[in-house]
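Protein chains in written order, with this note's numbering: chain A, 1 to 494; chain B, 1001 to 1494; chain C, 2001 to 2161; chain D, 3001 to 3161.
Please keep in mind that the hints were generated in silico from the structure rather than gathered at the bench. It is possible that part of the hints are untrue.
[To be verified] Stretch-level coverage of chain A by chain C, calculated; a stretch enters the list once three of its residues show a Cβ under 8 Å from a Cβ in chain C:
hint : segment
1    : 354–360
2    : 404–410
3    : 457–465
Bear in mind that the values here come from a model prediction, so they are computed numbers and not experimental data. C-beta atoms are modelled at their ideal positions from N, C-alpha and C, and glycine is treated no differently.
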Amino acid sequence: MFSTILIANRGEIAVRIARACKELGIHTVAVYSEADRHALHTQVADEAVLIGGPQPGESYLNIERVIAAAKETDAEAIHPGYGFLSENAEFAEAVQAAGLTFIGPPPSAIRAMGDKAESKLRMQRAGLPIIPGAQNLNSDSDFVAAARAMGFPLLIKASAGGGGKGMRTVTEAGDLLEELEAARRVALSAFGDDRLLLEKYIEAAQHIEFQVFGDQHGHLVHLFERECSVQRRHQKIIEETPSPLLTPELREKMGQAAVIAAGVVGYYNAGTVEFLVDPATSQFYFLEMNARLQVEHAVTELLTGLDLVQWQIRIAAGERFPFQQEDVTRRGHAIECRIYAEDPASGFLPSTGGLLQLLEPRGPGIRLDSGVAAGGEVSHYYDPLLAKLIVHAEDRSSAIRRIQAALRDYVVHGVVTNIDFLQDVLADPDFQDGSVSTGWVESLFEWRPSAVPADALIAAAVAELNALSSGSQLAGAAETDPFSPWKSAKGFRN
Amino acid sequence: MFSTILIANRGEIAVRIARACKELGIHTVAVYSEADRHALHTQVADEAVLIGGPQPGESYLNIERVIAAAKETDAEAIHPGYGFLSENAEFAEAVQAAGLTFIGPPPSAIRAMGDKAESKLRMQRAGLPIIPGAQNLNSDSDFVAAARAMGFPLLIKASAGGGGKGMRTVTEAGDLLEELEAARRVALSAFGDDRLLLEKYIEAAQHIEFQVFGDQHGHLVHLFERECSVQRRHQKIIEETPSPLLTPELREKMGQAAVIAAGVVGYYNAGTVEFLVDPATSQFYFLEMNARLQVEHAVTELLTGLDLVQWQIRIAAGERFPFQQEDVTRRGHAIECRIYAEDPASGFLPSTGGLLQLLEPRGPGIRLDSGVAAGGEVSHYYDPLLAKLIVHAEDRSSAIRRIQAALRDYVVHGVVTNIDFLQDVLADPDFQDGSVSTGWVESLFEWRPSAVPADALIAAAVAELNALSSGSQLAGAAETDPFSPWKSAKGFRN
Amino acid sequence: MSRLLFGDAPVEITSSGRAYSVSLDDRLGQVELVEADQGRMLLLIDGRRVVAYVSPDGSSVWVTTGGRTFRLKKSITAARSAASHDASSELAAPMPGQVRAVNVNAGDAVTKGQVLMVLEAMKMEIRLHAPFDGQISSVEAGVGQTVEREQLLIRLHRRDS
Amino acid sequence: MSRLLFGDAPVEITSSGRAYSVSLDDRLGQVELVEADQGRMLLLIDGRRVVAYVSPDGSSVWVTTGGRTFRLKKSITAARSAASHDASSELAAPMPGQVRAVNVNAGDAVTKGQVLMVLEAMKMEIRLHAPFDGQISSVEAGVGQTVEREQLLIRLHRRDS
């Protein structure tokens, strides 16, 4: 087993990986950018190395700096988390070339799955159903011709991408060129590669993905599905397992397809095979494979009782994954809500600022993977994910009630979050029925922020009056939480 | 289902019951004594009613006051938690007489199991093995004669008692009268009943108990065992499930015996049947049945995936318990450590004071049922249990590593805790082997507090120097945590 | 008696010790402040127990009650910012970020809804649209530039129609 | 240079800005205070990263480092309390509680180890034993009385032997 691991990430996933390492008795090294000097992930690691400026390209995406930090601290392996360098085959190869272990799949599998256009064709050859579309287009006129042939609505995707970034729905021909242009910009900035592909847009489709897990000795299983149809801007906000709509037969067929997909590219470690399911026909289509740990891995952990991050590390160290397909069992129901610093009332615009007050829910069956602490800052440089709230309960309706109760206890002041929005999604009859498709949030779910209740105005007035009359602000000390890092440190350093 | 429940308890269990109610959509009423005005359990409930002075007899043990509070707030049911009035048949009857529902077993079952002497004889008639002993003794000379006949070492127990209170081991005849006197005092004070019984002391025995659960329609199952052999002063400090020493055959036999024991007294709702197991002979003995929710119920919840407190409420409301014995499954391994405000270096003497700093662990598979918050006070009036740290993992060794890592993250300043002691128990080869018996902590485990490391002295010196030179205390603000209740309120109220 | 304005909601409040009279929407309520902890308040509003979490934040105040969080703008600021939104001829950055594209130059005529500039923040594209038909007076930021929240990006004026 | 005493451990410490020289057990170390948050400090001790949680508590200080918590008594207090334990002729309550039994009266001769009084605190019995062979001078608390921590309960003196 490794004695030291460098975690090449930030936020909640870096914190979560550090905990897995601690439990395995492994020393951890965090890396951080200048914007993250006081971030939670630097505090939970045994060591922390500054690797560059706040722009991702200067730090978290800087392969040389990350590897140099690992060498400096005698790390033997690097865990990339998700996002950043996690699906970068050059990075995985550079890690190996430096004599270190990359905790993830083989670079060849990353490369094979990283090109979304190429991987679709490969999966088609392996017998998996794929969504009709057009790849390897170059000129605008190629795109226009292909789009006309396919018909609208259609989807533009980044060939190199994943996680919904750069993905755009085009409903009429007139918007195509502008959307292509925008998608290219995002793709170039996010993945350093502006190639795009087109895909038929399947309406009312569900996004269902399968977790796969394999070791370096040829053993590969799936760990069941995750239902990820609640999305905004093509990014997931609520995930759950089991999927409320999957029949046992379809689960088995899709699970087998996921294992085939991973096997074709010689996959090992954790990966996720994404499918679109047309509920009208029960037909499923291979969408893409994410060659990394997924944001929503925790629902699978709660459902199966397995610690995926610890297994990632053990498999990277050469251990065998000891469970056969029939040994992996499901119990109860797990749901995750992603807590974003974003304003649902302004088109989910990210919100930045200092966390003036942060009260996080706790209780039986409640897990919170958080990347922030009271007093911390949410900057504009990185993804606005603050935390993931995950619950496990005996069945779906208990799990929904549990996560609703937990969200009611979640207080975040200083940045706008999507917590109230999540509450309204969870309470919606469509969600409660489990009949939500990927377009639901944007096309069917009508959301308005609640009117400000009298209680809130009264509380604000009492607090304000008190601040005025006492001369000191009633709640002002929340801005100098003694447990929040650094606030007081400034005075102390002088 | 009930619309309002009164929780007749305090501390972590009152907080835990309130959460179960919230998830079931039930309004909660807390009760509190004058010493608990600012306690956490009053903050998490929807309402809170002051019921009397700090002495338990004036408040938490005051049947009239508790029932009056329930009537006042239109509560329809009362959850007694554990301890206090939970095993008081008169209370259960008074609740019913007031037209309210008692969330627990029928008063007749509480009464039948409450008399430890009587219940032993009853279980013996039902065919359960019991420990040889003597009941219904009156004069000191009766006790002396019975003790001589049994031989030493022997145990003195309170007839009316439970939870180890008033229990004393006597190793030689000369100590008998003094120990009887002491046991009577404790029994009278704790249970209002000073009758005692004698029992053969089985050396190197293990304490293994079975959770039983039944509904009001005659359906009764067990939810597997809990191994509770790590005890100090006859009180459990670490519990786990599965028991590392139980064979599948013995588990099945004991589970059946537990269901028989509960059935004999017409039991329903949650209860626990305690056994002593002699590992030398694999013989087990019925010890007693606790007619209430157990402190350590959470390990069973994590093992089986069931929410016992929610089921207690649903069963009290008349629902059927839907699981047959074969439907209840185990997964992984769960361990609980009880976090006490007590000083292991001074014979586990309780420690009181204000919580100057409190950092609680969090992470995948970690559950913390806490009854306190930073800034709170630990008084001498009540049991010194601060919180229960419970973990779930794939197997016993992962669970041990997980709880060790969690304890390392647990910071409590202001009262002495048993955290370091627990760490040393967990790291001991005997514990790691799973071969610990009930006398182990006191007879075999040698503990000394660690020597103060240089790092701690250096940190204290730097902090102290800084406080001296700056004129303000470096860490002083930890004493006025803005999130701690009431500290600032005092100034505000003036 | 104090008259406070949160957004467009006027609240009149009078205190005597821990008791307050509050008038809101022509309804008068009696409020008792039972406990106040920095950031957390326990109130009795007409005898009903209400827990609220409150954090002042410059000209705003964050309030959480009943599991919902609101950012209330205090009167004057709120009025000013609403006005500037409607009548303004200045476009400012809605959040910190980097300029990805500038689609117009000074003097260009623009139509309402036209994308004038594209920012990237938190890996997301934010498009600045023309709020009315008009003409660009000046462009204050260039491609690649990092901008702060509220930083002026484009000035424009209404076209005489 | 400051000389501090925690329990019986002397620490000599000199500061210059955020850097400190610390002498302990005749070993000299270089310490840098990287970050200090109220209650949490990040130190570099001879280049090694150490996180410590510190809370002052009157004459004591609580320190957690490496997952272990210590209550360090600052010099003078510590010395005094140790002395009073050994030579004292006064027995005080080790914690707040209630007197359950008083087994002696003023004037009684007692032997070392004899139980003089029984307190109940947190549902636990605490027995006060005679620290030496001696005679009771006075009994300061009666059965049923609630006593505070450090409250005087019994005075006794050594028997001339």
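Comparing the hints with the structure gives:
Residues of the segment 354–360 of chain A with a Cβ under 8 Å from some Cβ of chain C number 3, which satisfies the need for three, so the listed coverage holds. Residues of the segment 404–410 of chain A with a Cβ under 8 Å from some Cβ of chain C number 3, which satisfies the need for three, so the listed coverage holds. Using a Cβ-Cβ cut-off of 8 Å, 9 residues of the segment 457–465 of chain A lie near chain C, which meets the minimum of three, so the contact claim holds.
Of the hints listed earlier, there is not a single one the structure fails to meet.
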